[in-house]
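Residue numbers (our numbering), protein chains in the order written: chain R, 1 to 220; chain C, 221 to 363.
Read the hints as simulated data drawn from the structure, not as lab findings.
Careful: at least some of the hints might be erroneous.
DSS-like mimics (lysine-lysine), calculated; alpha carbons at most 27 Å apart, straight line [to be verified]:
#, chain 1, residue 1, chain 2, residue 2
1, C, Lys287, C, Lys320
2, R, Lys177, R, Lys109
3, C, Lys339, R, Lys184
4, C, Lys308, R, Lys119
5, R, Lys105, R, Lys144
6, C, Lys339, C, Lys287
7, C, Lys339, R, Lys177
8, R, Lys175, R, Lys144
9, C, Lys339, R, Lys175
10, R, Lys184, C, Lys222
11, R, Lys184, R, Lys161
12, C, Lys301, C, Lys339
13, C, Lys339, R, Lys161
14, C, Lys339, C, Lys222
15, R, Lys161, C, Lys301
16, C, Lys320, C, Lys222
17, C, Lys308, R, Lys161
18, R, Lys184, C, Lys287
19, R, Lys105, R, Lys119
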Amino acid sequence: MSELQYLTYENGKLPDGLMSAVYSGKFLVGDAHGDAFCTWEHYKKKEPQYLPTAFVNEESLRVAETTTFFQKNSPFTQENLLDYREDKVQELIFRMRTLRSDSCKELEKKLLALLTDVKEEDTCMDLDSLRDLYNFFQLNRRLKCPMISLTPENEIYASWKPGGNRVFSVRFLGKGKVRFVIFKPNDMHREQQMRLSGTATYDMLENIASPHGVWDWISA
Amino acid sequence: MKGDILPDGDHIARYCKPTQAPEGVIQATAFLPRDNEESLSVNWLEFLDCPDRESEISRLRSVYDAKLNRVAVNARIAVLKVGDVRQKVMAESEDRRALKILHDPEENDPSHSGIYNVKPDDELIAELILETVLENHPARGHI
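Given the sequences, and given the hints that come with them, work out the whole structure.
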């Protein structure tokens, strides 16, 4: 591999078919079909630009990501990273409307309101957690809209409370993992309440919760 | 005094951020400690020695104003009874958890106390505590 050159690009976009990666503080440009990265010389004459670090370190995502490149003077400041995360969070919230259900429209509004609140705390929603929430609703479009709050670590916490001593709450931990809580009347002794909690993946929640009747009372 | 156990008949108040009380409705997330927190911060209302609840809440608002950088417009104050919290969690948690609610005064917050023995991943305990909330007040007074 020849000597590294600064990545440069026009109008904030890389030419089609090119990927990029961070290496030792500089950016390599390579072929999208997986060929080894090589230096990009055609843009030597232009002003050097940088891609945000977090962008190029993204793992493969279930949700397709738009590839918007930001022109920044330095990709490594905390402020830039926060701005980048906020943009990605907002983008993902707007995607809720693509799920085409009334509850997802309502969910989008609630998440936007939460985003406003969390920005005032100079922090951001956990993107991995939000992504799992999106994927969960993509699998389960007929669910009623839950109450949404944030844990101290800014993970999404969704809670359905239809009354009658029934609670179903899910904490989206990111990377597909969730912790859940179920409160429901004891079927054999209705005056008593059953309480269950556990850890699972979001795609297993229906299997786990349905035998307890949860999916009936959280579905529209 | 530091370490004193709060009486079961007394009351505590918990500051709830807007992200823990969306649309003004307090959620269980308000009762989860951070990863590095030893206890849930609360205030001992009877320690404030006020004549009624309204003045207790007003006093607390001043405490929050002084202590926090800013009190969010949509933040809330949850009021709970010490005995209700302890007994509910002891009776209904999977491990019969014994919460301790202890006085933990701070220099600029003498009524400060803590709910001990709650872990950051105790969602079930947090939901049980939530069920004992008696009152919900705005954390900011009239602007």
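Legend entry - Pair hint Lys105/R and Lys119/R, alpha-carbon separation not exceeding 27 Å: Holds, at about 21 Å.
Inset, instruction - Sort out whether Lys222/C lies within 27 Å of Lys339/C, counting only the CA atoms. - result: Given pair Lys339/C, Lys222/C holds - Cα atoms ~21 Å apart, limit 27 Å.
Legend entry - 27 Å Cα cutoff - pair Lys320/C, Lys222/C: holds (13 Å)
Legend entry - Lys308/C paired with Lys119/R [C-alpha distance capped at 27 Å]: violated (35 Å)
Inset, instruction - Take the C-alpha atoms of Lys287/C and Lys320/C, compute the straight-line distance between them, and say whether it is at most 27 Å. - result: holds (24 Å)
Inset, instruction - Decide if the proposed pair is consistent with the structure: Lys184/R and Lys161/R, CA atoms, cutoff 27 Å inclusive. - result: Since the Cα atoms of Lys184/R and Lys161/R sit roughly 10 Å apart, the hinted pair holds (cutoff 27 Å).
Inset, instruction - For the pair we were handed, Lys184/R and Lys222/C, check the Cα-Cα distance against 27 Å. - result: Violated. Lys184/R to Lys222/C sits at ~39 Å, over the 27 Å cutoff.
Legend entry - Pair hint Lys339/C and Lys175/R, alpha-carbon separation not exceeding 27 Å: Holds - the C-alpha atoms of Lys175/R and Lys339/C are around 21 Å apart, at most 27 Å.
Inset, instruction - For the pair supplied as a hint, Lys177/R and Lys109/R, confirm whether the alpha-carbon distance does not exceed 27 Å. - result: Satisfied, since the Cα-Cα distance of roughly 24 Å is no more than 27 Å.
Inset, instruction - Take the C-alpha atoms of Lys339/C and Lys184/R, compute the straight-line distance between them, and say whether it is at most 27 Å. - result: Holds, at about 23 Å.
Inset, instruction - Decide if the proposed pair is consistent with the structure: Lys301/C and Lys339/C, CA atoms, cutoff 27 Å inclusive. - result: holds (20 Å)
Inset, instruction - Measure nothing beyond the straight line between the CA atoms of Lys308/C and Lys161/R; if it is 27 Å or shorter, mark the hint as holding. - result: This hinted pair holds, its Cα atoms lying about 19 Å apart.
Figure legend: structure checked against the earlier numbered hints; hints not met, in rising order: 4, 10, 18.
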